[in-house]
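**Q** For reference, the chains in residue letters:
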Amino acid sequence: MSLFDSTLWTLERALDARLARHVTLAGNLANANTADFAPKEASFQATLRQAEAGSPAPPSAPPSPGHLDLEGRLSVAAPEAPHPGAPPSSSTQTALDIVAGEAATPGLDGNRVDPDRTLAAIAQNALQYGAAARAAGKKLAILRYVASDGNA
Amino acid sequence: MDFFTALNISSSGLSAERERVNVASSNLANAESTRSADGSGPYRRRDPVLESVSFDAALSGASGEPGAVGVKVAEIVEDQRPGRKVYSPGHPDADEKGFVTFPNVNPVHEVVNLLSASKSYEANASAVDTLKGMAQRALDIAR
Chain P
2 MSLFDSTLWT LERALDARLA RHVTLAGNLA NANTADFAPK EASFQATLRQ
52 AEAGSPAPPS APPSPGHLDL EGRLSVAAPE APHPGAPPSS STQTALDIVA
102 GEAATPGLDG NRVDPDRTLA AIAQNALQYG AAARAAGKKL AILRYVASDG
152 NA
Chain F
952 MDFFTALNIS SSGLSAERER VNVASSNLAN AESTRSADGS GPYRRRDPVL
1002 ESVSFDAALS GASGEPGAVG VKVAEIVEDQ RPGRKVYSPG HPDADEKGFV
1052 TFPNVNPVHE VVNLLSASKS YEANASAVDT LKGMAQRALD IAR
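Protein chains in written order, with the numbering used here: chain P, 2 to 153; chain F, 952 to 1094.
Watch out, some of these pointers could steer you wrong.
[What the hints assert, rightly or not] So the derived list for chain F, only partly shown, Cβ under 10 Å to chain P, looks like this: (1) Thr956; (2) Ser961; (3) Ser963; (4) Ser977; (5) Glu1002; (6) Ser1067; (7) Asn1075; (8) Ser1077; (9) Val1079; (10) Thr1081; (11) Ala1089; (12) Asp1091; (13) Ile1092; (14) Arg1094.
[Stated by the list, open to error] If you want the footprint, here are the derived chain F segments under chain P, 3+ residues with CB under 8 Å: (15) 964-975; (16) 1020-1034.
Hints listed in this document are in silico derivations from the structure and should not be mistaken for laboratory results. For every residue, glycine included, the Cβ atom is placed at its ideal position computed from N, Cα and C.
With the rest of the complex left out, here is chain F:
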């Protein structure tokens, strides 16, 4: 357990939050994409699944519970809810009845996710800043 453990934990948080921003941005950018990259119908919104990971076995309690836990993006899952249907017979992706299936992306939802991820990112960055201050104090002991 040292300063770098704390730094690694905070940077794992920063990385996970940035991934959340990436995914929310991707969802927003593809809010109107009626074709996905692999050609399987419209884009489906994605959700990152975060998972806590043990970082330092030395810092664990008597019961073996880890005290140093970072975070990682375990997987990115596709939202399987149906997309919204819009009647637009002239659209090249319209079905035989003239309905086009648009992605199941709710822009409001995505923007809220963006805000939450951005605030959490700031919090982790502030923890890094605090840690830097502590390290500086430690270095100043022998001055």
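Chain P extracted, bound-state conformation:
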């Protein structure tokens, strides 16, 4: 048990992942009128890559389509608390995977982006980003409370 436990670093990676997903979705939206464009989706296979190599990655459940199963996977991926005050070493890396996104029926120009669904996904992603950011804020608030002898 340390002051900066794995929660904060996990949240940090969750924020990174949400931002990456926003970038991908914004790219899909920007290409909503590009001929023959197929939407992309950022998927995170959180493989626990040991820096020493050799140890196999934990078995991963098949991801449901269009779903970013980051939280559950990361709670598995960060079992030991990192060194206090230091970011986790390269042993816990989230490997980003770009897969084909949820595609609509192609229009006459072969484009398969559904702008409405993409916008909804962007809004949902932003909400989840806000939730992770708020959780990180609360975590820091707890530390602040303790650091000020409970007078905060």
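Given chain P's structure and the hints, the job is docking chain F onto it.
**A** Okay, now just chain F, sitting in the frame of chain P:
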């Protein structure tokens, strides 16, 4: 990969959609122009060709497929379909049989393009707005 990558992608979308509006407006404005700027017969309607471009090499999948793709106007092509012919012998641009060739612009087509571009522009602007909200949340973490 950071906030500015997302901003650049969305602004590339905004810019491309604005270009589409420009081209559709130009087509509409020249729907009756029987002379083009270079003197080669009537105006020909133009079409922007959009192309996706990779923005950030860092955000790419294991297979090397880029995850951050913006958009750009690759080229603006002229529609080579023949224009409509109208019998008007008094017109200075009439041929020897009295027919004037008008541009191959279909105003309905152009207005539909305008609407589509305008809606896509709004969608990209809304993505920028969402991104601003996310950045604000991130800044609020340490407050």
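**Q** Against each hint, give a clear statement of whether it holds in the structure.
**A** Taking the hints in turn, this is what the structure says about them:
Hint status for Thr956 (chain F) relative to chain P: holds, with the closest Cβ pair at about 5 Å, below 10 Å. Nearest Cβ of chain P to the Cβ of Ser961 (chain F): about 5 Å, under the 10 Å cut. The hint holds. At about 6 Å, the closest approach between the beta carbon of Ser963 (chain F) and any beta carbon in chain P falls short of 10 Å, and the interface hint on this residue holds. With its C-beta approaching chain P no nearer than about 17 Å, Ser977 (chain F) sits outside the 10 Å limit, and its interface hint is violated.
Residue-level restraint check for Glu1002 (chain F) holds (minimum Cβ-Cβ distance to chain P is 7 Å; threshold 10 Å). A distance limit of 10 Å between C-beta atoms decides the matter here; for Ser1067 (chain F) the minimum to chain P is near 7 Å, and the interface restraint holds. With a cut of 10 Å, the hint placing Asn1075 (chain F) at the interface with chain P holds, because the nearest CB-to-CB distance is about 6 Å. This hint holds: Ser1077 (chain F) has a C-beta 6 Å from the nearest C-beta of chain P, less than the 10 Å allowed.
For Val1079 (chain F), the shortest C-beta to C-beta distance to chain P is roughly 8 Å, which falls under 10 Å, so the interface hint holds. Residue-level restraint check for Thr1081 (chain F) holds (minimum Cβ-Cβ distance to chain P is 5 Å; threshold 10 Å). The interface hint given for Ala1089 (chain F) holds, since its Cβ lies 6 Å from the closest Cβ of chain P, which is under the 10 Å cut-off. The beta carbon of Asp1091 (chain F) comes within 6 Å of a beta carbon in chain P, closer than 10 Å, and the hint placing it at the interface holds.
The beta carbon of Ile1092 (chain F) is positioned within 10 Å of a beta carbon in chain P (closest approach about 5 Å), and the interface hint is therefore held. Using the Cβ-Cβ criterion of 10 Å, the hint placing Arg1094 (chain F) at the interface with chain P is satisfied: the shortest such distance is roughly 7 Å. Judged by the Cβ-Cβ criterion of 8 Å, the segment 964-975 of chain F is covered by chain P as claimed, because 4 of its residues qualify and three suffice. Note: the segment 1020-1034 of chain F has 3 residues with beta-carbon separation from chain P under 8 Å; the three-residue rule is met and the coverage holds.
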